[in-house]
Amino acid sequence: MIRTFSYVALSGTLLFSATAAATDDTTQQYINTLTELGYPAPKANELVHIPPTMEDLENASLHPELKRVIRRGYDLFTNTQQLRGENVFNNMNCSSCHMGEGRMPFSAPVWPAAVTLPNYRGKNDHVNNLEERIAGCFTYSMNGKPPEYGSDNMLALSAYHQWLAKGVAMYPEKPIYGRGFPAPDRPAKLSYARGEAAFDENCSVCHGNDGEGLRVGNHTVFPAIWGDMSNNWGAGIVRVFTAAGFIKNNMPLGQPNSLSDQEAWDIAYYMSNQERPQDPRYTGDVKDTLEKTQERFHKHSMYGQARETDGHVLGDHNNTGEKPFLKPDSVRPRTFE
Amino acid sequence: MKKLPILLTALGLAACSGFALAEADATRGAASAAVCMACHQADGSGMNIPGGESWPRLAGLDAAYISKQLHDYKSGKRSSASMMPFVNMLDDQKIADVAAYYAGLPATKGKGSESANEATLKRGQQLAERGDWSRYVVSCKSCHGPDNQGAGAVFPGIAGQHAGYIKTQLQAWKAGTRKNDTQDLMGSIARRMSDDDINAVAAWLASQSASAN
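Note that the protein sequences, when read in sequence, are chains A and B.
Just add 54 to the spot in the first sequence (first one is 1) and you have my numbering.
Just add 22 to the spot in the second sequence (first one is 1) and you have my numbering.
Just to be clear, a hint being listed does not mean it is correct.
Stated by the list, open to error - Residues from chain A shown here face chain B by an in silico Cβ test under 7 Å; the list is partial:
#1 Met158
#2 Leu184
#3 Pro226
To be verified - Taking lysine-lysine and the BS3-like style, the derived pairs with C-alpha atoms no more than 30 Å apart in a straight line are:
#4 Lys96(B) to Lys201(B)
#5 Lys96(B) to Lys220(A)
#6 Lys96(B) to Lys121(A)
#7 Lys341(A) to Lys243(A)
#8 Lys341(A) to Lys381(A)
#9 Lys97(A) to Lys220(A)
Claimed, not checked - Covered stretches of chain B (in silico footprint by chain A; criterion: 3 or more residues with CB under 8 Å from a CB of chain A, positions within the stretch not fixed):
#10 93–106
#11 203–214
To be clear, the hints were calculated from the coordinates, so they are not data collected in a lab.
Virtual Cβ for every residue (Gly too), placed ideally from N, Cα, C.
Work out the full structure, taking the sequences as your base and the hints as a guide.
As C-alpha cells, this is what we get:
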C-alpha cells in the first residue's frame with residue numbers, strides 16, 4: 055500500500071479528479087489494470103500520466119472551436135486512411151501502431167512528444183518540433199508525404215497530441231512510464247524458423263500468411279506487417295528491438311504480454327527479414343545508403359543484410375510501394391544557420 | 023516467390039478439410055434447412071426471446087463461419103442442447119449446403135434493443151467502435167470489421183444480431199462454456215467485460231444494420 059502511494063505522490067500530472075483522494079484511486083486502478091495485464095508497475099522515479107479521453111474533452115472547459123479541431127485530430131489519427139493517396143500510401147492508420155488511440159503505455163503513447171519537443175533527435179541529427187516528429191511517422195511508417203507544416207490537418211493532429219499531454223509540465227525530468235515500445239531483454243539466439251512457426255500460429259489468422267493483413271472495402275481491419283502495404287525501411291519499427299517491444303506489449307490483439315520474450319524476439323526477427331518499400335533516404339545503392347544511415351539508425355535493422363534463408367539482400371530494390379516518389383520534401387537537414 | 027507455395031497450401035487445406043466434397047449447393051441446403059425453421063425461421067431471421075434462449079439470425083452470415091460452427095457443435099467443441107439433435111442430422115456435405123443456403127439469404131433486422139435507454143446505447147456504441155482501453159476491452163470492430171459487419175471467414179458479422187443471443191454468447195465466453203474461438207481471441211475480451219457492458223453492447227449491436235445495403 056505504502057509503495058503504491060509513492061507512485062501517485064511522484065506522478066504529479068494527475069489532475070482529472072476533483073479531489074486528491076479520488077485521483078489516488080484512479081491512478082491506482084490504472085496501474086492495477088496494467089499490472090494485471092502483465093505490464094511492469096512504474097518505478098519509483100517514473101512519471102505516470104493518464105491521458106484524457108475524448109469523453110473528457112466534451113466536458114473540458116476549452117473553446118468549442120478548439121474542441122472541434124482536437125476531434126478532427128483524433129479522427130485523422132484513428133482513420134488516417136482518409137488521407138490515402140495524398141499523405142498515406144500504405145494500409146496504416148496512426149493507431150495501427152499507437153494502440154488505444156495513441157493513449158496506451160507500452161504502445162508508444164504519443165503525448166510525450168508534446169512535452170519533450172522541440173529537442174535534438176539522433177535519427178535526423180537536428181532539433182525537431184512536434185510537427186516534424188509527426189511528419190517523421192508520415193514519411194516512414196505511413197510510407198507517405200506529411201501534410202504541410204502549419205496546414206489544417208497538421209495543426210489538428212498536433213492539437214490532439216497536445217490535448218493528450220494535458221497537465222504534464224514541459225520538459226519533464228523524470229523518465230516517462232511506458233514510453234515507446236520497451237523491448238524485453240534480447241535472448242542469446244534468435245531463430246528465423248522458430249519465428250516463422252510462431253508467426254503462423256499466433257499472428258497469421260489476422261495478418262495473413264504473408265503478412266499482408268486484411269482490408270474490407272476501403273478500411274484496414276488488420277494492417278500489413280510487411281510488403282508493399284506496410285511501413286517502409288526507414289520506419290522505427292524495422293529495428294528488431296522495437297518490433298520485439300511492440301509485439302511483446304501489444305500482440306496478439308487483446309492478449310498483451312502473452313508471448314514469451316523468446317517468441318516475441320523470434321517473430322520480430324522473422325518479420326524484420328521480409329521486404330518492404332524502400333527507405334526514403336535511399337541514395338540509389340543499398341550499401342551506400344546503409345553506410346550513411348547505419349550509425350544513426352540501421353545498425354538495429356536487417357537493412358542491407360543478406361537473409362540467412364536465401365541470401366536475398368534486404369532493401370536492394372527500387373520499389374517504393376504505392377507511393378509514386380521516393381523522398382518527400384520534408385526529409386531535409388536543418389542547420390539553424 | 024514466397025506467395026506461391028502459401029497459396030497452394032491454402033487451397034490444399036480447403037480441399038482436404040471436408041467442406042468441399044462436392045460444391046456447396048444452396049438449393050440442396052434449403053431442403054436440409056426445413057428442420058431448422060422451427061427456430062431459425064423460414065427467412066433465417068431467428069428470434070429474440072427475452073428471458074429465454076434466443077435463436078440467432080443465420081441469414082447473411084458468412085458461409086465458412088456457419089459451417090465452422092456446425093462442425094464445432096458436432097465435434098463437441100461448442101455445445102448446445104438445442105442444436106445437438108439437429109446438427110447430428112447433417113453430414114459434411116449437408117453442412118456445406120445449409121451454410122451456403124443461409125449465407126445467401128438477405129440479412130434481417132436484429133431485435134432486443136427496443137427497451138434500451140440512450141445512455142446504454144451510447145456506452146454500447148463506444149465499446150463497439152472504440153473499445154474501453156482503461157480495461158483493455160479492444161473495440162469490437164477491430165476484429166469484427168467495419169461497422170461490425172464481419173471480416174473474412176474467422177470474424178463473423180455481429181451487427182444486426184439479436185441482443186439476447188449476443189448477450190448469452192458473451193456470458194458463455196466469460197463463464198468458459200463457449201471456447202471454440204481461434205486462440206481465445208473472443209474469450210480474452212469477454213472476460214474483461216462487466217455485465218452492464220455486455221448488455222449495452224448487445225443492445226447497440228442489435229440496433230445496427232447487418233449489411234452495408
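Violated hints - listed by number, lowest first: Violated: hints 2, 3, 5, 6 and 10.
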